[in-house]
Amino acid sequence: MGITLEGATGTWEYVIGLEVHAQIISNSKLFSGASTEFGSEPNSQVSPVDAGMPGMLPVINLACIEQAVKTGLAINGEINLTSVFDRKNYFYPDLPQGYQISQFKQPVVTGGHIDIELEDGTQKRIGVERLHVEQDAGKSLHDQDPNASYVDLNRSGVGLMEIVSDPDMRSPEEAAAYVRKLRTIVRYAETCDGNMQEGSMRVDANVSVRKAGEEFGTRCEIKNLNSVRYMQRAIEFEAMRQIDVLEAGGKIDQQTRLFDVAKNETRSMRSKEEAHDYRYFPDPDLLPLRFEQAWVDEIAAGMPELPDAKMARFMKEFGLSAYDADVLVAEQENAHFYEHVAEGRDKKLAANWVISELFGQLNKAGKTVEDSPVSAEALGELIDLITDDTISGRIAKDVFADMFESGKAAGVIVEEKGLKQVTDTGAIEAVIDEVMAREPEKLAEYRGGKDKLFGFFIGQVMKASGGKANPKAVNELLKTKLQG
Amino acid sequence: MTDLTDLSIAQARDLLAKGDLSSKELTQAQVTSMEGKRELNAFITETPDKALEMAEASDTRRAKGETGKLEGIPVAIKDLFCTKDVLTTAGSHILDGFRPFYESSVTTNMFREGAVMLGKTNLDEFAMGSGNLTSYYGGAINPWRAKGDNRNLVPGGSSGGSASAVAGRMALGATGTDTGGSIRQPAAFTGIVGLKPTYGRCSRWGIVAFASSLDQAGPMTRSVRDSAIMLGAMAGHDPKDSTSADIAVPDFEEGLNGGVKGLTIGIPKEYRVDGMPEEIETLWQQGIKWLEEQGARTVEISLPHTKYALPAYYIVAPAEASSNLARYDGVKFGLRVESDDLTEMYEKTRAEGFGAEVKRRVLIGTYVLSAGYYDAYYLQAQKVRTRIADDFKQAWQQVDAILTPATPSAAFSADDPPSDPLAMYLNDVFTVPVNLAGLPGISVPAGLTGDGLPMGLQVIGKAFDEATVLRIGQSLEDAAGFDARPEGY
Numbered sequence: 001m002g003i004t005l006e007g008a009t010g011t012w013e014y015v016i017g018l019e020v021h022a023q024i025i026s027n028s029k030l031f032s033g034a035s036t037e038f039g040s041e042p043n044s045q046v047s048p049v050d051a052g053m054p055g056m057l058p059v060i061n062l063a064c065i066e067q068a069v070k071t072g073l074a075i076n077g078e079i080n081l082t083s084v085f086d087r088k089n090y091f092y093p094d095l096p097q098g099y100q101i102s103q104f105k106q107p108v109v110t111g112g113h114i115d116i117e118l119e120d121g122t123q124k125r126i127g128v129e130r131l132h133v134e135q136d137a138g139k140s141l142h143d144q145d146p147n148a149s150y151v152d153l154n155r156s157g158v159g160l161m162e163i164v165s166d167p168d169m170r171s172p173e174e175a176a177a178y179v180r181k182l183r184t185i186v187r188y189a190e191t192c193d194g195n196m197q198e199g200s201m202r203v204d205a206n207v208s209v210r211k212a213g214e215e216f217g218t219r220c221e222i223k224n225l226n227s228v229r230y231m232q233r234a235i236e237f238e239a240m241r242q243i244d245v246l247e248a249g250g251k252i253d254q255q256t257r258l259f260d261v262a263k264n265e266t267r268s269m270r271s272k273e274e275a276h277d278y279r280y281f282p283d284p285d286l287l288p289l290r291f292e293q294a295w296v297d298e299i300a301a302g303m304p305e306l307p308d309a310k311m312a313r314f315m316k317e318f319g320l321s322a323y324d325a326d327v328l329v330a331e332q333e334n335a336h337f338y339e340h341v342a343e344g345r346d347k348k349l350a351a352n353w354v355i356s357e358l359f360g361q362l363n364k365a366g367k368t369v370e371d372s373p374v375s376a377e378a379l380g381e382l383i384d385l386i387t388d389d390t391i392s393g394r395i396a397k398d399v400f401a402d403m404f405e406s407g408k409a410a411g412v413i414v415e416e417k418g419l420k421q422v423t424d425t426g427a428i429e430a431v432i433d434e435v436m437a438r439e440p441e442k443l444a445e446y447r448g449g450k451d452k453l454f455g456f457f458i459g460q461v462m463k464a465s466g467g468k469a470n471p472k473a474v475n476e477l478l479k480t481k482l483q484g
Numbered sequence: 485m486t487d488l489t490d491l492s493i494a495q496a497r498d499l500l501a502k503g504d505l506s507s508k509e510l511t512q513a514q515v516t517s518m519e520g521k522r523e524l525n526a527f528i529t530e531t532p533d534k535a536l537e538m539a540e541a542s543d544t545r546r547a548k549g550e551t552g553k554l555e556g557i558p559v560a561i562k563d564l565f566c567t568k569d570v571l572t573t574a575g576s577h578i579l580d581g582f583r584p585f586y587e588s589s590v591t592t593n594m595f596r597e598g599a600v601m602l603g604k605t606n607l608d609e610f611a612m613g614s615g616n617l618t619s620y621y622g623g624a625i626n627p628w629r630a631k632g633d634n635r636n637l638v639p640g641g642s643s644g645g646s647a648s649a650v651a652g653r654m655a656l657g658a659t660g661t662d663t664g665g666s667i668r669q670p671a672a673f674t675g676i677v678g679l680k681p682t683y684g685r686c687s688r689w690g691i692v693a694f695a696s697s698l699d700q701a702g703p704m705t706r707s708v709r710d711s712a713i714m715l716g717a718m719a720g721h722d723p724k725d726s727t728s729a730d731i732a733v734p735d736f737e738e739g740l741n742g743g744v745k746g747l748t749i750g751i752p753k754e755y756r757v758d759g760m761p762e763e764i765e766t767l768w769q770q771g772i773k774w775l776e777e778q779g780a781r782t783v784e785i786s787l788p789h790t791k792y793a794l795p796a797y798y799i800v801a802p803a804e805a806s807s808n809l810a811r812y813d814g815v816k817f818g819l820r821v822e823s824d825d826l827t828e829m830y831e832k833t834r835a836e837g838f839g840a841e842v843k844r845r846v847l848i849g850t851y852v853l854s855a856g857y858y859d860a861y862y863l864q865a866q867k868v869r870t871r872i873a874d875d876f877k878q879a880w881q882q883v884d885a886i887l888t889p890a891t892p893s894a895a896f897s898a899d900d901p902p903s904d905p906l907a908m909y910l911n912d913v914f915t916v917p918v919n920l921a922g923l924p925g926i927s928v929p930a931g932l933t934g935d936g937l938p939m940g941l942q943v944i945g946k947a948f949d950e951a952t953v954l955r956i957g958q959s960l961e962d963a964a965g966f967d968a969r970p971e972g973y
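Residue numbers (our numbering), protein chains in the order written: chain G, 1 to 484; chain E, 485 to 973.
Some hints could be false.
[What the hints assert, rightly or not] Lysine to aspartate or glutamate pairs mimicking DMTMM-like chemistry, simulated, CA-CA at most 25 Å apart:
1) E:K843 / G:D143
2) G:K272 / E:E828
3) G:K408 / G:D326
4) E:K816 / G:E214
5) E:K832 / G:E434
6) E:K816 / G:E357
7) G:K139 / E:D859
8) E:K724 / G:D277
9) G:K88 / E:E828
10) E:K816 / G:E6
11) G:K272 / E:D904
12) E:K724 / G:D94
13) E:K843 / G:E214
14) E:K832 / G:D277
15) E:K568 / G:E434
16) G:K139 / E:E530
17) E:K867 / G:D94
18) E:K816 / G:E37
19) E:K843 / G:D277
20) G:K272 / G:E357
These are computed hints drawn from the structure, not numbers from a lab.
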């Protein structure tokens with residue numbers, strides 16, 4: 001849902017396009033055999049190719065291309081059977097070749113789209129312009145020595161997918177939804193781990209503002225945003241800054257800007273005049289990348305069920321609400337967990353338990369389903385106890401809390417604590433009699449026409465039974481008894 | 485026994501095989517020669533200890549019955565090939581102290597075939613030049629001198645040190661690289677054979693890059709047969725070089741003496757350039773006659789885009805070079821001129837580290853790739869390149885190979901070279917189109933100028949048809965009977 005901004009001169013609209021750099025999941029780098037492992041000793045995962053040593057040549061790692069094709073298919077893009085790697089030339093110490101090998105004029109994927117779910121439950125389609133493959137640079141370390149900078153080339157040459165959206169987003173929330181959805185998709189496709197903290201997903205945001213219905217304004221690019229929250233804040237700040245400039249009669253200079261998290265502001269990194277002339281040209285060390293449609297078809301046939309398809313299935317076949325389905329599919333592991341719990345059980349009941357109880361507890365404990373103390377089988381067993389009237393839903397919540405704490409099975413806890421639901425009419429009648437005997441005044445009032453007191457008696461009976469009495473049975477028996 | 489520095493590779497191979505000669509003896513003779521002819525400045529780095537060690541190891545292998553194609557043959561390596569633990573300079577100050585921890589694929593192949601390395605030969609800085617005048621280590625000198633003239637002559641470039649070492653009897657053969665003529669032109673200037681193979685025949689992995697789409701390694705030897713032997717040891721598909729061709733390497737010696745009978749040889753009319761000395765034209769006519777006498781048919785052909793080859797080359801090659809040379813920035817290896825400021829460190833390092841010709845080409849290359857100029861220069865040059873390749877494809881409908889002069893002149897003075905860079909670039913007028921089209925070409929010494937300086941003829945062949953190129957080269961060599969040698973060497 002687009003959000004507008006009220007300025008002194010009227011209502012402004014956000015225009016946002018995103019460039020997401022997603023690190024490809026692969027054992028080795030895009031153009032060398034070096035490992036891509038994260039967190040290794042600095043400069044321990046470097047081949048002479050990655051270090052730009054004289055005479056070294058790149059060789060395309062087909063596994064990385066397969067990942068790009070997979071991702072391209074997952075975002076409904078067109079896979080180009082011929083694409084070309086170009087050199088993007090600029091000097092920087094962590095760019096050992098003096099150029100980055102990227103794809104400029106002929107990317108491996110063109111077009112595509114991603115559907116995002118908005119807060120009001122509707123969907124919006126965000127266009128994708130292209131997906132191209134490129135190598136990552138190394139990392140400059142400025143905090144090791146007061147007088148020198150160091151360079152770690154472990155990341156140098158690691159394969160990245162740059163996914164460029166159309167300027168289709170109209171609020172920071174939409175931008176956030178897009179990034180989250182893209183993250184979900186690449187995680188389903190297993191082409192990127194989506195870990196923004198480790199830098200495996202980084203976002204450059206192109207932001208401009210316009211009055212409704214007007215042409216696009218001049219944009220500024222905010223570089224290297226590594227969290228969705230920061231991205232939202234950066235976009236908000238940047239839009240406000242631009243509105244201030246425009247409303248004061250100024251104009252926006254096309255700039256590259258950086259977001260200062262501590263100060264919550266964007267700062268100019270370089271202007272259009274200072275922008276690099278990258279002197280792109282086809283890398284003569286690499287032949288054009290060509291592959292067969294049959295290979296693409298093979299990859300397409302091996303694709304896992306993607307989040308949109310899964311969500312649709314949950315809604316159609318399981319009768320889940322859009323909200324529940326969306327929550328469940330956001331992480332593939334969650335969806336798997338849910339499907340496991342729901343198998344052979346009431347789908348909605350299972351969804352409720354997974355979403356409200358399990359996710360609630362996991363969130364509180366800072367855990368994920370992967371390290372959940374309650375397994376899918378264990379949760380299923382608990383749900384079965386509810387369905388076969390062994391325990392009530394309310395008792396089940398206590399049992400679940402206990403399971404989460406102790407890791408014990410639901411049946412064991414119910415047994416140990418004697419929480420089995422009482423359905424024996426005689427036993428329940430005895431409790432009712434006891435309550436009625438204890439509360440003669442209330443009983444008289446009830447019988448005098450104060451119907452509302454029925455709830456009071458239910459509560460008393462349930463309490464006296466330690467919550468174990470079957471609520472339905474209590475309801476029926478109590479009605480008869482109270483009438484006398 | 486003949487002088488061991490005078491042996492061809494084929495002769496040495498036979499003597500070694502018969503046990504009449506050890507690699508150690510052969511190598512020692514070259515080492516002594518190399519150390520005695522330092523006035524030619526052919527080597528930037530001599531590696532006599534490594535050479536003798538490798539020779540001994542070769543003799544040991546031979547004793548066990550293990551012999552490769554170049555078993556025990558001492559050769560020189562152009563200092564553009566990265567050689568493990570041995571200083572590799574590319575003739576540039578900017579690679580000061582650079583000792584690679586890896587071995588180029590071509591030298592790896594050669595060493596696996598038993599070759600012995602004598603040292604690293606001089607070259608134009610980053611292989612950019614036609615006179616060996618741009619080397620940071622001073623130019624190599626041509627062992628030849630004009631009759632009655634004591635002035636030093638250039639050995640040609642960029643593989644001038646290799647040419648000088650082979651012509652000067654310091655090595656039985658040497659590796660060269662050829663981007664626009666850097667093997668064939670110095671071979672012609674020094675009276676030896678130089679073969680530029682088809683682009684993709686030899687791996688570029690581990691060769692300091694000048695212009696990636698044009699660079700190709702090849703042999704420089706004193707006979708056509710030796711080039712055939714050496715190429716067989718250098719060539720081969722390399723998965724580490726994406727532009728290396730996955731094509732079997734034939735036995736280039738086989739069929740070498742097959743003659744030219746029945747072949748049709750094209751004589752391109754566009755190679756008759758203005759101001760070309762009479763002697764070169766006469767040599768060319770002589771070459772045509774030799775081939776005809778041996779049963780070949782010659783026909784005039786047209787390669788209409790020839791005149792655009794040099795301008796296109798001097799856009800494409802510098803463009804690629806400007807990018808290839810970006811890695812020499814003072815950060816990782818070689819020279820660094822310290823500064824507190826990063827940009828200033830880059831500027832000072834590159835200003836001091838690169839010579840004038842390299843700077844000129846980096847600037848040209850940067851310019852032609854810049855926004856707003858790319859289409860007019862780089863893209864246009866690539867189109868010309870396609871046309872030139874098409875010219876040759878047209879010709880192959882009609883002919884089996886093409887005969888041209890190798891260079892438009894003989895070697896020139898080292899002390900008084902052309903001052904205009906463009907005049908220098910004209911040296912490559914006959915060789916550059918071959919690189920642009922990625923074809924094989926050989927330069928064979930075929931005669932002497934009136935001043936007694938060697939001149940070469942060039943045979944150009946179809947892609948991956950080095951066998952025919954070598955066969956025609958052999959016929960020319962046989963007919964020419966070129967046995968002149970530089971006085972004193």
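Each hint, compared with the structure:
Restraint check for K843 (chain E) and D143 (chain G): not satisfied, since their Cα atoms lie roughly 35 Å apart, outside the 25 Å limit. Between K272 (chain G) and E828 (chain E), the direct Cα distance comes to roughly 22 Å. Compliance with the 25 Å bound is thereby established for this hinted pair. Restraint check: the Cα-Cα separation between K408 (chain G) and D326 (chain G) comes to about 30 Å, which exceeds 25 Å; the hinted pair is violated. The straight-line distance between the Cα atoms of K816 (chain E) and E214 (chain G) is roughly 51 Å, outside the 25 Å bound, and the hint therefore fails.
At roughly 99 Å between alpha-carbon atoms, K832 (chain E) and E434 (chain G) are farther apart than 25 Å, so this suggested pair is violated. Note on K816 (chain E) and E357 (chain G): the hinted pairing is violated, with a Cα-Cα distance of about 56 Å set against a maximum of 25 Å. With a C-alpha separation of about 34 Å, the suggested pair K139 (chain G) and D859 (chain E) falls outside the 25 Å cut-off, and the hint is violated. A distance of roughly 30 Å separates the Cα atoms of K724 (chain E) and D277 (chain G); the hinted pair therefore is violated under the 25 Å criterion.
At roughly 22 Å between alpha-carbon atoms, K88 (chain G) and E828 (chain E) fall within 25 Å of each other, so this suggested pair holds. About 52 Å separates the Cα atoms of K816 (chain E) and E6 (chain G), which puts this hinted pair outside 25 Å; it is violated. Only pairs whose Cα atoms come within 25 Å are accepted, and K272 (chain G) paired with D904 (chain E) is rejected, the gap being roughly 39 Å. This hinted pair checks out: K724 (chain E) and D94 (chain G) have alpha carbons roughly 23 Å apart, not beyond 25 Å.
Distance restraint check for K843 (chain E) and E214 (chain G): the Cα-Cα separation of roughly 49 Å exceeds the 25 Å cut-off, and the hinted pair is therefore not satisfied. Under the criterion of a C-alpha separation no larger than 25 Å, the hint pairing K832 (chain E) with D277 (chain G) is consistent with the structure, at around 21 Å. For the given pair, K568 (chain E) sits about 97 Å from E434 (chain G) by alpha-carbon distance, which is inconsistent with the 25 Å threshold. This hinted pair does not check out: K139 (chain G) and E530 (chain E) have alpha carbons roughly 39 Å apart, beyond 25 Å.
Restraint check: the Cα-Cα separation between K867 (chain E) and D94 (chain G) comes to about 35 Å, which exceeds 25 Å; the hinted pair is violated. With a C-alpha separation of about 23 Å, the suggested pair K816 (chain E) and E37 (chain G) falls inside the 25 Å cut-off, and the hint holds. Among the hinted pairs, K843 (chain E) with D277 (chain G) is consistent with the structure: their alpha-carbon atoms are about 19 Å apart, no more than 25 Å. About 52 Å separates the Cα atoms of K272 (chain G) and E357 (chain G), which puts this hinted pair outside 25 Å; it is violated.
Going down the numbered hints, you'll see the structure goes against 1, 3, 4, 5, 6, 7, 8, 10, 11, 13, 15, 16, 17, 20, while the others check out.
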